[in-house]
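Student: Residue-level listing of the chains:
2 protein chains.
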Amino acid sequence: MTTAFFDRLADRIATVDSVVSVGLDTDPDRIPDHLQDKDLPQWAFNRRIIDATHEHAACYKPNAAFYESADGWRALRETIAYAHGKDVPVLLDAKRADIGNTTRQYAEMLEAVDAITVNPYMGRDSLQPFLDRADKGVFVLCRTSNPGREDLQDLELDSGEPLYRRVAALADLWNANDNVGLVVGATGPDELETIREAVPSLPFLVPGVGAQGGDAEAAVEYGLTADGVGLVNSSRGIIYAGEQEGDAFAAAAGQAAKRLKRRLNQYRSAD
Amino acid sequence: MTTAFFDRLADRIATVDSVVSVGLDTDPDRIPDHLQDKDLPQWAFNRRIIDATHEHAACYKPNAAFYESADGWRALRETIAYAHGKDVPVLLDAKRADIGNTTRQYAEMLEAVDAITVNPYMGRDSLQPFLDRADKGVFVLCRTSNPGREDLQDLELDSGEPLYRRVAALADLWNANDNVGLVVGATGPDELETIREAVPSLPFLVPGVGAQGGDAEAAVEYGLTADGVGLVNSSRGIIYAGEQEGDAFAAAAGQAAKRLKRRLNQYRSAD
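Sequence lines, in order, name chains A and B.
Using this note's numbering, read the first sequence as starting at 2 and increasing by one per residue.
Using this note's numbering, read the second sequence as starting at 2 and increasing by one per residue.
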């Protein structure tokens with residue numbers, strides 16, 4: 002049996018002394034000119050980003066939205082294999098959920114990666130094929146980093162708790178295989194704290210510390226479990242850190258990843 | 002300016018005298034042997050299904066989950082073009098939502114199709130790029146047909162209404178471009194009725210009348226607007242209606258689509 006995802010993640014965090022998740026939101030329109038005539042420009046871009054950042058990366062998080070084409074899918078496959086060649090786990094940010102035979106199709110995507118993000122709106126059975134994979138991580142959207150989180154996630158239930166709190170409790174209930182985490186944005190540090198108190202054992206994936214201006218200290222303090230397992234993600238803040246001319250973008254991404262690692266490590270407890 | 006999606010859909014419904022949505026949940030493992038050695042087996046399968054069913058189809062609804070590979074994506078593109086060649090609109094069942102620059106990527110998928118399904122959990126801004134496309138339809142998941150709908154969708158809010166009712170009201174509010182519909186399952190006919198009363202003007206996409214055993218009469222009575230616009234979907238009940246040997250599957254699918262059309266037409270009001 003393969004090692005559980007969160008054990009593999011804990012090992013990776015220890016190896017690189019970093020909880021940085023590098024988001025590969027690779028927009029085909031933002032790839033430097035000299036890579037545009039490569040066979041798979043997104044893959045050419047990602048390979049250079051991985052070369053420059055892997056020493057600071059606890060994981061890579063490609064967002065599936067950027068790879069939804071025939072070439073995109075090939076670029077994603079190459080990217081995943083290359084990250085694995087550097088011993089870095091890959092979390093596919095797919096925000097998936099569907100029913101019955103359909104979700105089983107999505108679960109096949111999990112074969113190639115180590116973990117995935119899922120959307121809870123359709124309920125437990127829509128996530129079951131992911132939850133059943135004890136060797137893979139499943140990060141359930143709980144309280145996201147965007148303004149629209151107020152529309153549904155913050156609604157108050159008749160029990161007096163907001164919907165996102167119920168989602169956290171449900172995810173905890175669904176965690177029979179110790180493979181469930183939550184997505185909780187750094188843009189709401191108070192809610193991040195209350196969610197951590199409600200579900201002490203679930204690792205969080207915390208987006209929003211980069212371009213969205215979230216709270217890095219809260220991301221570390223509440224995003225990680227007592228064992229120090231969790232991820233703080235930056236996408237655009239790393240991969241688009243430099244000028245998009247020549248190969249300088251990769252070195253800039255490496256510097257940005259290193260800076261974020263150091264910034265976050267200020268707040269991580271000594272082992 | 003292109004015609005609004007719901008006007009195009011109304012025209013198509015009138016032309017074929019049908020509100021049947023044919024779900025193209027084309028599982029690569031369930032394609033007959035003699036098509037498995039084609040260049041793109043899913044496309045070979047779908048082309049035969051379209052040939053056999055288009056006279057009864059108000060739309061085709063490919064589920065994106067089944068096309069998440071390089072070849073799958075190519076098969077989907079061919080399928081969409083072929084359906085359009087038969088003048089049938091295509092609704093991509095993608096259940097998408099994401100934030101900012103990411104959703105704009107998803108919205109590009111909309112270029113190829115006529116409408117899409119989206120997940121409301123991340124709120125309005127996660128759907129805005131879809132909502133902004135006045136020429137495209139946007140079906141918001143409201144109350145789905147699967148058992149897991151109870152986990153979140155049926156939760157009672159402090160206002161006394163269930164979450165799915167709030168989602169219906171929000172979708173109505175987000176309908177500035179007259180391009181919003183709802184996904185409401187036929188497996189909950191009472192809730193289907195109350196949602197119809199709450200949002201009289203939104204067309205519904207009603208899944209669950211086939212393999213899931215939902216209520217066809219309620220699907221028609223409450224799924225359609227007063228103008229008769231809406232869709233009742235069957236996927237497996239049509240495309241896997243026949244034996245999966247030889248080309249008989251396509252004829253069986255054609256018969257199944259015709260039967261469903263007639264069954265639903267019993268409940269449609271005379272014009």
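The reader is advised that the hints may include incorrect statements.
As the list makes no split between identical chains, a pair holds if one copy fits it or if it spans any two.
Claimed, not checked - Below are the SDA-like pairs computed for lysine to any residue, each with C-alpha atoms no more than 25 Å apart in a straight line:
1. Lys39 to Arg78
2. Lys259 to Gly149
3. Lys259 to Asp179
4. Lys87 to Asp159
5. Lys39 to Arg75
6. Lys39 to Ala71
7. Lys39 to Asp126
Bear in mind the hints are in silico, worked out from the structure with no lab data behind them.
Student: Hint by hint, note whether the structure agrees.
Tutor: Results of checking the hints against the structure:
Taking the shortest Cα distances, lysine 39 and arginine 78 sit within 25 Å of each other both inside one copy (16 Å) and across copies (23 Å). Taking the shortest alpha-carbon separations for lysine 259 and glycine 149, neither the intra-copy value of 31 Å nor the inter-copy value of 42 Å comes in at or below 25 Å. When the C-alpha separation of lysine 259 and aspartate 179 is checked against a cutoff of 25 Å, the pair qualifies neither within a copy, at 30 Å, nor between copies, at 48 Å. Proximity of lysine 87 and aspartate 159 under a CA criterion of 25 Å is satisfied in neither setting, with 49 Å inside one chain copy and 50 Å between copies.
For the identical chains of this complex, lysine 39 and arginine 75 are neighbours both inside a copy (13 Å) and across copies (20 Å), given an alpha-carbon limit of 25 Å. Taking the shortest alpha-carbon separations for lysine 39 and alanine 71, both the intra-copy value of 15 Å and the inter-copy value of 18 Å come in at or below 25 Å. Taking the shortest Cα distances, lysine 39 and aspartate 126 never come within 25 Å of each other, neither inside one copy (42 Å) nor across copies (34 Å).
In terms of the numbered hints stated before, the structure departs from hints 2, 3, 4, 7, listed from lowest to highest.
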